[in-house]
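Chemist: The chain contents come next:
Protein chains: 2
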Amino acid sequence: MNKSFDNDTITAIATPSGVGAISVIRVSGAKAIEIVDEIFTGKNNLKDSVSHTIHYGKIKDSSNNLIDDVLVSIFKAPHSYTGEDSVEISTHGSPFITKKIIEILIEKKVRIAEPGEFTKRAYLNNRLDLTQAEAVLDIINSRTEASLLGARNQLDGLLSSKVQELRQMLLDSASFIELELDFAEEDVELIKSPELIKRIESIIFEINKLTNTYNFGRVIRDGVNVALVGKPNVGKSSLLNYILKESRAIVSPIPGTTRDVIREEVSIDGILFRFFDTAGIRLSEDEIEKEGVLRSRNVIKNADVILLIEDIFQNGSNELFKEITSFSKPEKILKVINKIDLGRNFSKQGDIFISALTGEGVEFLFVKLKEITTDTSIYTERSAVVSNIRHYDCLKKAKENLEGSLKSINNNLSGEFIALDIRDAVLSLGEIIGEVTSEDLLNNIFSKFCIGK
Amino acid sequence: MNKSFDNDTITAIATPSGVGAISVIRVSGAKAIEIVDEIFTGKNNLKDSVSHTIHYGKIKDSSNNLIDDVLVSIFKAPHSYTGEDSVEISTHGSPFITKKIIEILIEKKVRIAEPGEFTKRAYLNNRLDLTQAEAVLDIINSRTEASLLGARNQLDGLLSSKVQELRQMLLDSASFIELELDFAEEDVELIKSPELIKRIESIIFEINKLTNTYNFGRVIRDGVNVALVGKPNVGKSSLLNYILKESRAIVSPIPGTTRDVIREEVSIDGILFRFFDTAGIRLSEDEIEKEGVLRSRNVIKNADVILLIEDIFQNGSNELFKEITSFSKPEKILKVINKIDLGRNFSKQGDIFISALTGEGVEFLFVKLKEITTDTSIYTERSAVVSNIRHYDCLKKAKENLEGSLKSINNNLSGEFIALDIRDAVLSLGEIIGEVTSEDLLNNIFSKFCIGK
Chain A
1 MNKSFDNDTI TAIATPSGVG AISVIRVSGA KAIEIVDEIF TGKNNLKDSV
51 SHTIHYGKIK DSSNNLIDDV LVSIFKAPHS YTGEDSVEIS THGSPFITKK
101 IIEILIEKKV RIAEPGEFTK RAYLNNRLDL TQAEAVLDII NSRTEASLLG
151 ARNQLDGLLS SKVQELRQML LDSASFIELE LDFAEEDVEL IKSPELIKRI
201 ESIIFEINKL TNTYNFGRVI RDGVNVALVG KPNVGKSSLL NYILKESRAI
251 VSPIPGTTRD VIREEVSIDG ILFRFFDTAG IRLSEDEIEK EGVLRSRNVI
301 KNADVILLIE DIFQNGSNEL FKEITSFSKP EKILKVINKI DLGRNFSKQG
351 DIFISALTGE GVEFLFVKLK EITTDTSIYT ERSAVVSNIR HYDCLKKAKE
401 NLEGSLKSIN NNLSGEFIAL DIRDAVLSLG EIIGEVTSED LLNNIFSKFC
451 IGK
Chain B
454 MNKSFDNDTI TAIATPSGVG AISVIRVSGA KAIEIVDEIF TGKNNLKDSV
504 SHTIHYGKIK DSSNNLIDDV LVSIFKAPHS YTGEDSVEIS THGSPFITKK
554 IIEILIEKKV RIAEPGEFTK RAYLNNRLDL TQAEAVLDII NSRTEASLLG
604 ARNQLDGLLS SKVQELRQML LDSASFIELE LDFAEEDVEL IKSPELIKRI
654 ESIIFEINKL TNTYNFGRVI RDGVNVALVG KPNVGKSSLL NYILKESRAI
704 VSPIPGTTRD VIREEVSIDG ILFRFFDTAG IRLSEDEIEK EGVLRSRNVI
754 KNADVILLIE DIFQNGSNEL FKEITSFSKP EKILKVINKI DLGRNFSKQG
804 DIFISALTGE GVEFLFVKLK EITTDTSIYT ERSAVVSNIR HYDCLKKAKE
854 NLEGSLKSIN NNLSGEFIAL DIRDAVLSLG EIIGEVTSED LLNNIFSKFC
904 IGK
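Chains as they are written, first to last, in our numbering: chain A, 1 to 453; chain B, 454 to 906.
Because the hints were derived from the structure by calculation, they are not lab data. Fair warning: this is a prediction, and the values are worked out from it, not measured in the lab. Hints should not be assumed to be uniformly reliable.
In silico PhoX-like pairs for lysine-lysine, Cα to Cα no more than 25 angstroms straight-line [said to hold, decoys possible]:
id : chain 1 : residue 1 : chain 2 : residue 2
1  : B       : K901      : A       : K99
2  : A       : K108      : A       : K43
3  : B       : K552      : A       : K245
4  : B       : K852      : B       : K662
5  : A       : K301      : A       : K231
6  : A       : K60       : A       : K43
7  : B       : K561      : B       : K511
8  : B       : K553      : B       : K496
9  : B       : K850      : B       : K662
10 : B       : K552      : B       : K562
11 : A       : K76       : B       : K529
12 : A       : K99       : B       : K698
13 : A       : K396      : A       : K209
14 : B       : K553      : B       : K500
15 : A       : K322      : A       : K368
16 : A       : K209      : A       : K198
17 : A       : K109      : A       : K31
18 : A       : K100      : B       : K823
19 : B       : K698      : B       : K788
20 : B       : K561      : B       : K529
21 : A       : K245      : B       : K553
22 : B       : K801      : B       : K782
23 : A       : K370      : B       : K553
24 : A       : K58       : B       : K529
25 : B       : K698      : B       : K684
26 : A       : K76       : B       : K500
27 : A       : K47       : B       : K529
28 : A       : K368      : A       : K301
29 : B       : K651      : B       : K849
30 : A       : K100      : B       : K698
31 : A       : K43       : B       : K529
32 : A       : K58       : A       : K99
33 : B       : K901      : B       : K552
34 : B       : K552      : A       : K448
35 : A       : K209      : A       : K370
36 : B       : K511      : A       : K76
37 : B       : K849      : B       : K782
38 : A       : K322      : A       : K231
39 : B       : K484      : B       : K496
40 : A       : K76       : B       : K496
Please put together the full structure from these sequences, using the hints given.
Modeler: What follows is the structure, given as C-alpha cells:
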C-alpha cells in the first residue's frame, strides 16, 4: 500500500472524558492553525507565531459569543506529533465547553478524528513506524512497571531496529541471488553456497530468539491470569485476601470490565497478576448449574497458571487434577498445600506449602508464579521483546518462508524459487514495522485506539 | 485576614481521571521550573527557557528509569494562572504514568495540591478576586449556554466591578463623615444632610437591583426543579417522554448523582430544567408507604415549579392542590390539563392545555415554565447577576447595615454610629469580592473545587 491519506483537518478531545480542571482539544492538518486563528482572539496571530509557543486568548462562536478563555499551543509541521501543523486548545475542564468548541470547529469544516487517527497520521508521515504506533496504545494502557517498560522499549524502536536489521540482511541476500541469476547461466553453484545457507540459518536463529520472548512479552503487556481452584474451605478466598492485603500495588481495574468475572488484580514486582477465584463453582459436567461449570472451565482454560489448592487435612484434589487436565495443560498447574500453620502433614505432596493465615510460603508462591509464566533470563532492560500477537505471527511467517528457502536449496530448486521465499520473508518482516500494510490492517490496528490519540 | 500562604511547590493531575490520549500534570510554586528540570531531559534547559514555550523531552525517575516522553509547558511568574512559576507536563494518558510522575515529584518535595489550591493561589496573588475564583468553578460545572454565560460574566468581573463601585461610594461617604467628625464640634447638621441620605438610598437601590437578580441567577446556574404531580393515568410520564423526545439538548447527568431521585434533565433555550416524576408516589400521610410520601413531599418542597396535571376526563386535582399548598407556595403551581387531543372539556380550568400525544400546547408550557422561574427582563447579556447564595447573603447584610444607618440618621444618633454602620456595609461588600475573608471562608469556597484546578 502506498502511504496516502486525505488532507482533512481533524479534531478530537484528547483528555479523558468528564469534569476536571482542564481539558485539551487537539486539531491537526494543513489548515489547523489557520482555522483555530479564525475562532481565537488573543494578543498574537497564531499563524505568525513560532512553533512550540503558548497563547492566551478567547474562543468565540460564529455569533461572537465568548465560549471560554483558553491556552492555545502551536506546533508547526513537521515538529508535531502527527507531523502536520497542529494546535492544542486547553480549556476549562467542562464537557459542555469542549463539546461547544468541537461544534464550532466542525462549522469550520474540521472533521472529528477517527480513533487513533492522530497516531495513524504520525505513522503515515513517517514520525513513527507501525510497532512504535502500536506501542503508543500499549503505553496508554500500561498499568504496571513492566508493561510500561516493555511498551517504552518498543516505542523507542528496539523491536523495530532489530526487525529492520534482519530485513536488511535478507534484502541483501535476495538482491545478491537475483544479481547472480542475471549474470550466471548455471546457478546451481550459487544456491548450494554454504555462505547463503549459513546466513539464512543465522537469521532464523535471530527470529527464534525474538519469538521466544513472546510468552514473556505477552505476560508483561497483558498480565498473567491465575485461576484459584480447590474444594470448599481449603482457603482459596483466604489466600486471595492475604495477597491483596500484602500487596501495596492493587491495580485499578480498566473501566468497563465486568466485575463479576475479573476478580482481583495485583502488581507483583511490576507484573500484573489477575486472580480468578472459582469458589463455589463446581467443575463436573453432571451438575445442574451448567453455566457455572462453563464459566469455571473458561476461567481455567484462559488461565496462564492454575493454583490447585488443598489443605493439610482434605484430599480430593487428584480428581480435580484429572478433570482440569482433561481440558488444560498439566504444566500450568501448581499444587498448593494450605494451612501449614495447623501442622505439617508429611504424607501430603505439593509444589508449594503455605499458610494463608500467617503468610508463610506466599513469597515462595510468588517466585513460582513468576517462574512458570515468565522466562526472566531472556529479559534485559533494553532488549527487543515481542509482546504483540501480530508481530509474533509475522515472525513465524518469515521463519516459515526462510525454512522453505532452505528446503529449496537442499532440493536443488532454481534460484528464482529461493529468492521468492526470501522476498516473502522480507515482506513478512516489513509488515511488522509497516513497510508493507493494507488499509484493513491499519484500520484494525488504529480502531483499538481511543479518539484523540 | 492578610493574604498569606505557604511557599510549597504544589502539583496535581489537572485532566479528568481515566485513560485518554493525553493527561496533564500541573506544578506551581517558586521552585516549579527548577524541580521539573531535575527530572526532565530535553534539548533545552527549562530554567533558561522563556515563558509560554513548549519543550519535548523525557521524564525519568530517581533510578534513571524512563517514565514517559512528554511535552512540558513553561509559564513564568507572574504570567501564569496562579501568578507563580508554573509548569504543565503533558503525558501519555495513562493513570499509571501520571501516578508515577506525581510520585517522582513528591520525592522532590513537591506537595499534592489541595482541591482548588491553584485557583486559591491565583486569588492570593491577585490574579482573580473571590467572585472570579468562584466563577471558575461555575464554568467547569456549567452544562447549559445560560449557566456558562452567567459564569463567564462573573469571571470577566461584571459582578466584581459593580460591587467594587458600590463599596467605593460607601467608603467615600464613611471617610467624609469621619473627616467631618474630626473637625466639627457639633455634627448634628452633617448627619441630617439630605445629600448623605440620598446617597445611601441610592446605594440601597443598587443593592436591591442586584439581589433581585438572584432568583434568576440561581436558576441559570443551578437549573430549575420541576415536579410532575397528578393522579395515575393523567399522562405525567407521557408528558416527560414528549419533552425528552422533542428536546435536542438532553443534558448529561453529573457523575455521582443518584439516578433514582433525579429523573431527567433537559436544556430548554439554554436553561437547565430538571424534571421529577412523582408517579406512583402517594401524597397523603395516612398511606402505609411513609418513605414514598416523604420523598414525594421533598421533591415538591424543593421544586421551583410544580406541574399539577389532570386530564380532560378526571377530576380530583383540587384535593392534590390543597395537599400541596399545605407545605408549598401556591404561586409555584401550574395547573396543566392533558389529553386535549381527545376533545375539549370546557368545564375544566387550568393554566395550560396540552396534548402529550401530539405536543399541542407544550411550547406554551415551556414559555410558562420560563416565566414562572425567570424574570428575563432583568437579564441582559452583559449585566451583573447574582447567582451565588454567599454573594446574596453579603448583599442582604450590607443592605441591613445601610438601613440601620438611615435609622440612626433619623434618630439623630451620633456620627460615629452612622459611620460604623456604613463601615459594616463596606465590610459585607468586601467579603463578596474577597477584600475581607477568613481562612474558614476560603476553605469553604475552595474545597468545592476539584483537585488540579
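Chemist: All hints, please: hold or fail.
Modeler: Okay, the hints, checked on the actual structure:
1. B/K901 / A/K99: With Cα atoms ~24 angstroms apart, B/K901 and A/K99 stay inside 25 angstroms; holds.
2. A/K108 / A/K43: holds, 22 angstroms
3. B/K552 / A/K245: This hinted pair holds, its Cα atoms lying about 21 angstroms apart.
4. B/K852 / B/K662: Roughly 11 angstroms separates the two Cα atoms, so the pair holds.
5. A/K301 / A/K231: holds, 18 angstroms
6. A/K60 / A/K43: holds, 15 angstroms
7. B/K561 / B/K511: Between B/K561 and B/K511 the Cα gap is close to 17 angstroms, so the pair holds against 25 angstroms.
8. B/K553 / B/K496: holds, 23 angstroms
9. B/K850 / B/K662: holds, 15 angstroms
10. B/K552 / B/K562: Satisfied, since the Cα-Cα distance of roughly 15 angstroms is no more than 25 angstroms.
11. A/K76 / B/K529: holds, 23 angstroms
12. A/K99 / B/K698: holds, 21 angstroms
13. A/K396 / A/K209: holds, 12 angstroms
14. B/K553 / B/K500: holds, 23 angstroms
15. A/K322 / A/K368: Status holds; Cα separation ~22 angstroms.
16. A/K209 / A/K198: holds, 16 angstroms
17. A/K109 / A/K31: holds, 10 angstroms
18. A/K100 / B/K823: holds, 24 angstroms
19. B/K698 / B/K788: At roughly 22 angstroms apart (the allowed maximum being 25 angstroms), B/K788 and B/K698 satisfy the hint.
20. B/K561 / B/K529: holds, 20 angstroms
21. A/K245 / B/K553: holds, 21 angstroms
22. B/K801 / B/K782: With Cα atoms ~22 angstroms apart, B/K801 and B/K782 stay inside 25 angstroms; holds.
23. A/K370 / B/K553: holds, 23 angstroms
24. A/K58 / B/K529: Holds. A/K58 to B/K529 sits at ~20 angstroms (cutoff 25 angstroms).
25. B/K698 / B/K684: holds, 23 angstroms
26. A/K76 / B/K500: OK: A/K76 and B/K500 at ~23 angstroms, within 25 angstroms.
27. A/K47 / B/K529: holds, 23 angstroms
28. A/K368 / A/K301: holds, 20 angstroms
29. B/K651 / B/K849: The hint holds at about 19 angstroms.
30. A/K100 / B/K698: holds, 22 angstroms
31. A/K43 / B/K529: Holds. A/K43 to B/K529 sits at ~17 angstroms (cutoff 25 angstroms).
32. A/K58 / A/K99: holds, 16 angstroms
33. B/K901 / B/K552: Holds, because 23 angstroms separates the two Cα atoms, which is no more than 25 angstroms.
34. B/K552 / A/K448: holds, 24 angstroms
35. A/K209 / A/K370: Distance ~20 angstroms between A/K209 and A/K370 Cα, so the pair holds.
36. B/K511 / A/K76: Judged against 25 angstroms, a Cα distance of about 20 angstroms means the pair holds.
37. B/K849 / B/K782: It holds: about 23 angstroms lies between the C-alpha atoms, which stays within 25 angstroms.
38. A/K322 / A/K231: holds, 14 angstroms
39. B/K484 / B/K496: Holds, at about 20 angstroms.
40. A/K76 / B/K496: holds, 17 angstroms
No hint from the list above goes unmet by this structure.
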